[in-house]
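Visitor: What follows is the residue order along each chain.
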Amino acid sequence: MSSRAWRRLTYGLPLAFFGLFFLYPLASIVERGLRGAGDSPLDVLSNPLTREVVWFTVWQAGASTLLTFVVAFPAAYVLGRYRFRGRELVSALTVVPFVLPTVVVALAFLALLPAGMERGWLPILVAHAFFNVAVVVRIVGTYWASLDRRMAEAAATLGASPLARFREVTLPLLAPALAAAAAIVFLFSFTSFGVVLILGGPRYATIEAEVYNQAVRLFDLRAAAVLSLVQLLCVLVVVWVTTRLEGRLVFLAPLRPEIDTLRRVRSTRDTLVVASGLGVLLVFLGVPLAVLVERSLVVGGGHGFDAYRQLGHGTSVLLTEPWHAIVNSLVYATASTAIAVVVGGLAAVSVAGGSGRTQVAETSARPLGTRLLDGLVLLPLGVSAVMLGLGFLIAFDTAPLDFRASPWIVPVAQSLVAIPFVVRIVAPTLRSVDPRQREAAALLGAPPGRVRREVDLPIVSRGLGVAAAFAFAISLGEFGATVFLARPDRPTLPVAIYRFLGRPGETNLAEAYALAVVLMVVTMLSVLLVERVRPNRAGWF
Amino acid sequence: MPVLAAAVVVVAAATAAGCGGGGKPGEVVLVTHDSFAISPAVKRAFEEETGLKLRILQAGDAGEVVTRALLTAGNPEGDVLFGVDNNLLARALSGDAFEPYESPELGAVDQALVLDEKHRVTPIDRGDVCLNVDKVWFSKHGLASPTSLDQLTLPAYRKLLVVENPATSTPGLAFMLATIATYGSGWKDYWSKLRANGVLIVDGWEDAYLNRFSGAAGSSGDRPIVVSYASSPPAEVLGRKPEPTEAPTGVVEESCFRQVEFAGVLRGAENPDGARKLVDFMLSRRFQEDIPLEMYVFPAREDAALPPAFERFAVVPDHPLELPPAEIDANRERWVDQWTDTVVR
Chain A
1 MSSRAWRRLT YGLPLAFFGL FFLYPLASIV ERGLRGAGDS PLDVLSNPLT REVVWFTVWQ
61 AGASTLLTFV VAFPAAYVLG RYRFRGRELV SALTVVPFVL PTVVVALAFL ALLPAGMERG
121 WLPILVAHAF FNVAVVVRIV GTYWASLDRR MAEAAATLGA SPLARFREVT LPLLAPALAA
181 AAAIVFLFSF TSFGVVLILG GPRYATIEAE VYNQAVRLFD LRAAAVLSLV QLLCVLVVVW
241 VTTRLEGRLV FLAPLRPEID TLRRVRSTRD TLVVASGLGV LLVFLGVPLA VLVERSLVVG
301 GGHGFDAYRQ LGHGTSVLLT EPWHAIVNSL VYATASTAIA VVVGGLAAVS VAGGSGRTQV
361 AETSARPLGT RLLDGLVLLP LGVSAVMLGL GFLIAFDTAP LDFRASPWIV PVAQSLVAIP
421 FVVRIVAPTL RSVDPRQREA AALLGAPPGR VRREVDLPIV SRGLGVAAAF AFAISLGEFG
481 ATVFLARPDR PTLPVAIYRF LGRPGETNLA EAYALAVVLM VVTMLSVLLV ERVRPNRAGW
541 F
Chain B
1 MPVLAAAVVV VAAATAAGCG GGGKPGEVVL VTHDSFAISP AVKRAFEEET GLKLRILQAG
61 DAGEVVTRAL LTAGNPEGDV LFGVDNNLLA RALSGDAFEP YESPELGAVD QALVLDEKHR
121 VTPIDRGDVC LNVDKVWFSK HGLASPTSLD QLTLPAYRKL LVVENPATST PGLAFMLATI
181 ATYGSGWKDY WSKLRANGVL IVDGWEDAYL NRFSGAAGSS GDRPIVVSYA SSPPAEVLGR
241 KPEPTEAPTG VVEESCFRQV EFAGVLRGAE NPDGARKLVD FMLSRRFQED IPLEMYVFPA
301 REDAALPPAF ERFAVVPDHP LELPPAEIDA NRERWVDQWT DTVVR
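Top line first, the protein sequences correspond to chains A and B. So for the first sequence, this note's numbering puts the first residue at 1; every next one is plus one. So for the second sequence, this note's numbering puts the first residue at 1; every next one is plus one.
The set of hints was computed from the structure by calculation and includes no laboratory data. As the structure is a computational prediction, the values presented were derived from the model and not from experiment. Mixed in with the good hints, there may be bad ones.
Stated by the list, open to error - Distance ranges between label pairs, derived from CB positions: (1) Lys-53(B) with Val-327(A): 20 to 30 Å; (2) Leu-282(A) with Ser-185(B): 49 to 59 Å; (3) Leu-45(A) with Arg-286(B): 18 to 28 Å; (4) Val-70(A) with Asp-110(B): 56 to 66 Å; (5) Gly-62(A) with Pro-324(B): 45 to 55 Å; (6) Glu-333(B) with Leu-282(A): 39 to 49 Å; (7) Thr-271(A) with Thr-245(B): 52 to 62 Å; (8) Glu-333(B) with Leu-45(A): 10 to 20 Å.
Positions of the beta carbon are idealized from the N, C-alpha and C atoms, including for glycine.
Pulled out of the complex, with its shape left as it was, chain B reads as follows (with noise of 0.2 Å):
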């Protein structure tokens, strides 16, 4: 059998074994990251509402979620994509993969969270990045929990602080943001401090909370501090059992960088009009009030109600650390260069 036959055949098999790619009709599809999650009975009543069913298209982390929505603009894998966030959005906005979409719920929203003002992508979510601290290790050896990032560079906190690389985390890139936002201009002596004072880099967030941070449920680690997210602490309270009446961690407050996850309809989406329904969906209270306890962030909505767990265990900073999303943009591979020199070599 020739070559050109076979090849011939096995596309033929493939062809006939396929069904395409993109969307089936009556069917909507997210992109979106792996951290996605929509409690079974959201989902069904999305799909009884509008008749579409939806499809899920997990696709790694949000940086590479980015990535396949600017390889594929104007042919993309689905309709909707949720995960941008402020740190990615210049970049993601860079290659006309998004079409422009005003949603009426966007009323009902945070305002100081709408960062783009054509409206490709809507604020679906917050979830600031703030040092967490396990507040039974302080008290158990007599020492005042700290409360401003200066506290980490005195001795008292030596070795007591693990964070992520920015080169390789989300939560790492976003307490690096956070003290550019503080420091300006001194941030690198500020981690010349940091690591003069013993502070553990490690790759991301899973080694970072839940091997090497002490606060952490079933954790061995010895390092009371570390950067995770605003809505760890109602998380640890909820993933134990029993459940512990106060939280065994705490924020620090000022160190809170504010991360935003948006969505947008990806342009050339093969069913546009489901994907602008999915959008208005997401703003919805049902779909906001499901964000908490599925996703671990914040509404994005400022009517929707809180778990009863993250009402009284959750920090939300009211004036998060920001810095503007093209400012990130032109500099993040620049800084993240100048983090690794300062810190690791």
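Chain A on its own, in the form it takes in the complex (with noise of 0.2 Å):
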């Protein structure tokens, strides 16, 4: 394939997918709406109440996001610099809180926290924390990971001391993942929904919850609308703000695999300081994690395995075996997977300037296209998924485009969202390759598409492994439109936990907790196998 015909693909075809899947059922519903009865738009944005909303969606977000940092910061560090036995393992473990359902990881918190602690804006900020631990954790420890050292002991060799070692060198360097990892958590609890209807109590909406209020419970389809614009203003600036600094903080920092950069635990410092770091990170995830294993042993009056026996037994809460949901949550999320490497990996490479290109030149001579999809990828995470939702139901309702009640819409709603993880997850690596490597290739007369594969590819698959990894997660753990669009005879695991919850009795109850533990065995075993595939794992220049 040519360069150019390589170029066009590469925005051509995320743009195409995004249109059709994201602003094409976004804009009917809006529009829908706005068209339809209900209080004028002028009354909704003037409501004080809707201001308050607005208010506390943005500070609770920014605050979540710092707490999340200061969690996830040091075990960052650990992962990104120390190589030690159960490395992975501990990597591995950070996603799986990603992945339960909201409604599960609320129960563990409230049986947790102490009386008249439980509910307010305290618990909802750690529970967010508790969540999106793992994206910071991952995209930075993984980037600290690759980054040469020889920068930081130059540094060093001329005197500089550890803090501003630190300040000088590892921050600047660091700051396209800082950044990333940021823009990803601060939209997560932006848009956060279930968490604050359950941990907040009544005095507490975020913006999603009031769109889903005004939808579902109120019938004002227009105040919805309105309020999702307002939504969607609010990220559109927290996506301006945060590409714009991305751009900015570009150096050119020659990635390493990690196998050069990381060092052995040696030292009785070294062991401190891997403890310390990873201890504080293992308590926080362990103890909330350790009541939902706890709660799927009871039975009775005892402990026992009981709730995991069932696991084979059919029953009419899912009209199929409760096993089944986890060969559907697999199968949906290798689909989804395979859908948001592929087309967030061609988007990556066209928000990273395209290749065989020089750095300096991209940021001016970037197609129009190109600048586009580097904000539009960002939006799912922000946007209203309520009324993604209806949207997807009165966008494709009629032929050529009647994909209601397909299989496969399933896969492409997840990959939505799991796509913003690959293009930001790889973006800032692709970016930081040296074009020089590139046109030395190219000087040798390899032609532009054994470049890609030869000098990109290995340098990007660190970071297309862990990206993989996220969207597959992503995938396992996704709710609101799975349950939305699955059918039920075939519900994924979250699918099936919810369904248990909703009917009374202990043992349904049991077994609700029993198929969260299989889900966060089966998140850890595939996030450490989607990152073992990886192509090229170590070992070249």
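Could you use the hints to bring the two separately framed chains together as a complex?
Guide: Below you can see the structure in the form of structure tokens.
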């Protein structure tokens, strides 16, 4: 494929995908809402309640992002700097909270938090940090692990103190990853819905919760549309700021395979650093998870494995045996990861400026499609899932776009949430590829395709592995769109958990917790596995 | 590759892979809420009787299901909708989403449940929302279980009640309506007193019942009074191993608010014939007798036999509180706002 055709493909396909499966349904429902009856848009906007909701949404998202970084940063440092036994396991463990259904986590938190403290804004922030730790640990930790240490070493030789080295060398190099992680955590907290409803109590509502309330409880589609536009506007500002920041923060930092950069735990000091960095994280993540495991083992007055044995028996709650949910989850997740890696990977190439071009020329000369894509790709994280779901319903209801009941619409919807991760993880890595390497390869006679395959791909592969693992985890844990679209005789794990929770009685409750534990295990195993299948794991140059 | 070509490829691939929406011939699609359940044997019985395959599409809670049905009126996602309740009825009927159908089985149904005389929707079950009390807790603390709404404002019952937020929960909304049906214009004063007496508000039924209510199996909650269903006591018995001989929880009959669930044939259904057959089946004794153990509500049909646990432990209130659906629909938003102002702010 020629360079030109390749470049068009890198933004053409993702743009078409987002246009069809994101912009079109969203525009359909907003248009329907604004056209319909209901409060006038101005009334909604001038309502003091709206302002209150917007303000709460913004500050809790900012505070949640901060708290997430406080908890996750030490662990990101440890995983980005040290090699030790169980490193991959710890890294995979952080993803587990990320996939758990909010109801289950909220129930665990309610059981843990001391009386009087279990509702309000504080538990909301703690729960957001719990869910999002993985984003920071893995995006920042992975990027950190591939930073070339020689710059910091040079600074040390020149007499820079550890603090100065961190501030002047490491932090600027890490900046793109920090910005990417912060943007994602902020958007996730910004659109948080279940956590806010359950742990916040009736006083607190995010814009997303209010959109749901208006659309589904009060049937005021117009107010819902106006609110979702307000939300979209806020998100656009965030996206614009972070993409600008990220663009400015790129330094030419040659990335290295982590095998060269990680150091073994040798001294007592190293052991202390690793233990304290991970200890905080493991307690923070481990305790709520342990509560879930304990609850899955409750039988009558004592403990046992009854709930797990029940997983093989058919039940009317699911119309199938519960273990089928594991298979369904894995099938959907595989499909949606494939979509996310292809579409997101191409978009990342486009966003990063294409291959074979130098860093400086890139920013000014990027085609319009590429620039559009850069902002567009983050939007699914920040847009109202409720409205998008309703949009799918009315946008895809007539031939040739009659997809409502098609089974593949589930992985497509899931991949919309996964693609931003792929782009935001892969693009910074790609940007950091030294153009001189590509030029050298071209000079030695390698055609563009070969340059991409043999220069870019190996360097990106680590990021791509992490991104694919994220995509897989997102799809395993995705609930909102899946419960909307998946057929009831093919439930995924989160859907099955939710159905068991909705039925009264101790046995159903234990079954729900048992499935949550299964989801935890499946997530850890698949994350470990997905990261292993990335191409050319080590050893190049 | 130009953008347009890429789009065409995506759409073509999508169309080729998908089988399109709606039903296939020989299939009838039931759109319903997440709490719907049917035992596999009963589902099979319908399929064998009619030769139609029954596909079930669960689409969120009752509010979401109605929202979706109104959005897709005339070009529905399925053939029959089940799960509209009397609180949502006026709203659901406002959008011209249903095709009238009077089932021949309707004669066997408690006529008090037939709320739409045009038969656009047909009553299938009733599941009254009532205060539940933890009988064990009350006998342990030497306190009488409450029997009326008034008692809940007394100091003896301080900090004992947990209710769901009517803005986010269906039973929460029903309980608010119960207080409006009881106290008329004085309902807000009643809630001020409840607030002063330490009522706990939570978001949904799961949190209220499974976590906060002391009477639910495995719960560490400390509130012995909760808003739940008339059928929750038998569910407590059936959910425990070994089954207790007496229900550990009971119902405050005076607090019960009527909840009726309806099914209706969707206008524009691909298989209207099959849709009518499905409504008939849902009113048959076979399906009606399957309802209590699957959905923990009571059959609409008067001659349907109840399972033993329901016969022994369930309370079917004779005169539950009611409000006309049109009045509920006209005032729902205002009432919920007023409730929020009174109880939360």
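Visitor: Run the structure past the numbered hints and jot down the numbers of the failing ones, going up.
Guide: Hint 3 is the one this structure does not satisfy, whereas the remaining hints hold.
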